[in-house]
Amino acid sequence: MTRVGRALARAAVRLHPSGWRARYGDEMAGLIDDSDSSLADAADLARSALAAHTTGGAPMRFETAYRHPGPFAVVAALLLLPTFAVVALSLIGHELGFSAVADAVDPWIAQLDTVRILDLFLVVAPAVAFLVAIVPLLDLRIERDDPGPAIAVRVHAVPANLAIGAVALLVGVALVGHIVTESVLRLGA
Amino acid sequence: MPVTNDPNLLVLVSLAAGPRHGHAILLDVEAFAGVRLGPGTLYGAIGRLEAEGLIEPIAIEGRRRPYRLTDLGRSALAGRLRGLNDAVQTGLRRIEAAS
Chain A
1 MTRVGRALAR AAVRLHPSGW RARYGDEMAG LIDDSDSSLA DAADLARSAL AAHTTGGAPM
61 RFETAYRHPG PFAVVAALLL LPTFAVVALS LIGHELGFSA VADAVDPWIA QLDTVRILDL
121 FLVVAPAVAF LVAIVPLLDL RIERDDPGPA IAVRVHAVPA NLAIGAVALL VGVALVGHIV
181 TESVLRLGA
Chain B
1001 MPVTNDPNLL VLVSLAAGPR HGHAILLDVE AFAGVRLGPG TLYGAIGRLE AEGLIEPIAI
1061 EGRRRPYRLT DLGRSALAGR LRGLNDAVQT GLRRIEAAS
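From first to last, the protein sequence lines stand for chains A and B.
Counted from 1, the first sequence has number 169 at position 169 by our numbering; the numbering is strictly sequential.
If you want our numbering, it's the position in the second sequence, counting the first as 1, plus 1000.
Next comes chain B alone, as it looks inside the complex:
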């Protein structure tokens, strides 16, 4: 079972390591989450995140345009991961208590 299927979250986590272009994001997401994002799904997420100001493009390299987290994106990702972590910890405690 993949860690998550939320492409927005996967892209944000990938970019937390530094700027990456589309193909590098795909490879990274596949490596850390075991999820292969389709190109349409990837650019759908990039479009939404860019529109929300969570990521931004940097200088284009040939046909590849790298993206990076904005300050807003970094704090949004941190908040989302803390929320997920709270849910994970709660779930684990409940499983341990029930067993």
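Bound conformation, chain A alone:
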């Protein structure tokens, strides 16, 4: 419990305003290391962080990774790639009438359908890729305001992440549409 309490207490120190951390952060970290920190200490630090934000200092800021969106865009693209390929080739083969493509791809898709974990990955990947691409662009702040604290959400417009997020959304919608259509057709048959 001490290890968990200490880790949570260290995390709670990071919730304090930057000016506060610059002045007392090292001392608080040293105190946490010196004592048997408990969950109560972590709660006490979280409360003092809230107090520090509401009585002075900079607004509380939940920074995501928007300063380094590139790696998240790459991971999102890699996650999305297999589903994108399957959906794109299916559309080309079946919707655009390129039967040669359909003949080449259909056996592969039928094979993928038999491996449950791969099938599940292909279905879930667009949603995960969307989150990986878009969440790092969010910047959430709790600011002092009258009559009470206000939550401000900003979205950093990074083209690569927005583009991959949009493609993931389109692929996801296409995939869900396909699954729903197949299900309805099966029920009607």
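Since the hints were derived computationally from the structure, they do not count as laboratory data.
Be a bit skeptical, because a hint or two may be false.
Computed footprint of chain A on chain B, listed as stretches where at least three residues anywhere in the stretch have a Cβ under 8 Å from a Cβ of chain A [claimed, not checked]:
| no. | region |
| --- | --- |
| 1 | 1019 to 1032 |
| 2 | 1036 to 1047 |
| 3 | 1058 to 1065 |
From the derived model, a few chain A residues whose C-beta atoms are all more than 10 Å from chain B [what the hints assert, rightly or not]:
| no. | residue |
| --- | --- |
| 4 | L96 |
| 5 | P107 |
| 6 | V135 |
| 7 | A163 |
From the three backbone atoms N, C-alpha and C, an ideal C-beta is built for every residue, glycine too.
Since the structure of chain A is provided, determine the placement of chain B on it from the hints.
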């Protein structure tokens, strides 16, 4: 029942014995008042007292920074304790008179 839950007062009383860093203040307060201050509560009090000029940091020792009472802090603490003492004496006299 603890002597007081006022962290500012507890920190000032602890530092009245001489300079101490955060962990030493926690241990001292627990010993003389039976109150275990949380680290956030402690540094909240230290921040307020430092801002009011009642305590001041001295040379840092590793990651530990000791604090000491300023002259203003010593006189403020003395005034506060005299006020509390007056209240305590009044309360005791009234209890004795009522019994």
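* Per the coverage rule (Cβ-Cβ under 8 Å, at least three residues), is the region 1058 to 1065 of chain B covered by chain A? -> holds (count 4)
* To do: Confirm or reject the coverage of the region 1019 to 1032 of chain B by chain A under the rule of 3 or more residues with a beta carbon closer than 8 Å to the chain's beta carbons.
  => Coverage by chain A holds for the region 1019 to 1032 of chain B (4 residues, Cβ < 8 Å).
* Taking the closest pair, is the beta carbon of A163 (chain A) still more than 10 Å from chain B? -> 43 Å, holds
* To do: Test coverage of the region 1036 to 1047 of chain B by chain A using CB-CB distances below 8 Å; three residues minimum.
  => holds (count 9)
* Asked: Beyond 10 Å from chain B, beta-carbon-wise, is P107 (chain A)?
  -> With a cut-off of 10 Å, P107 (chain A) remains clear of chain B, as the shortest Cβ separation is near 63 Å.
* Could you check that no beta carbon of chain B comes within 10 Å of the beta carbon of L96 (chain A)? => 63 Å, holds
* Does the no-contact call for V135 (chain A) survive, Cβ to all of chain B over 10 Å? -> Its Cβ never comes within 10 Å of chain B, the nearest being 29 Å, so this holds.
When held up to the earlier numbered hints, the structure conflicts with none and fits them all.
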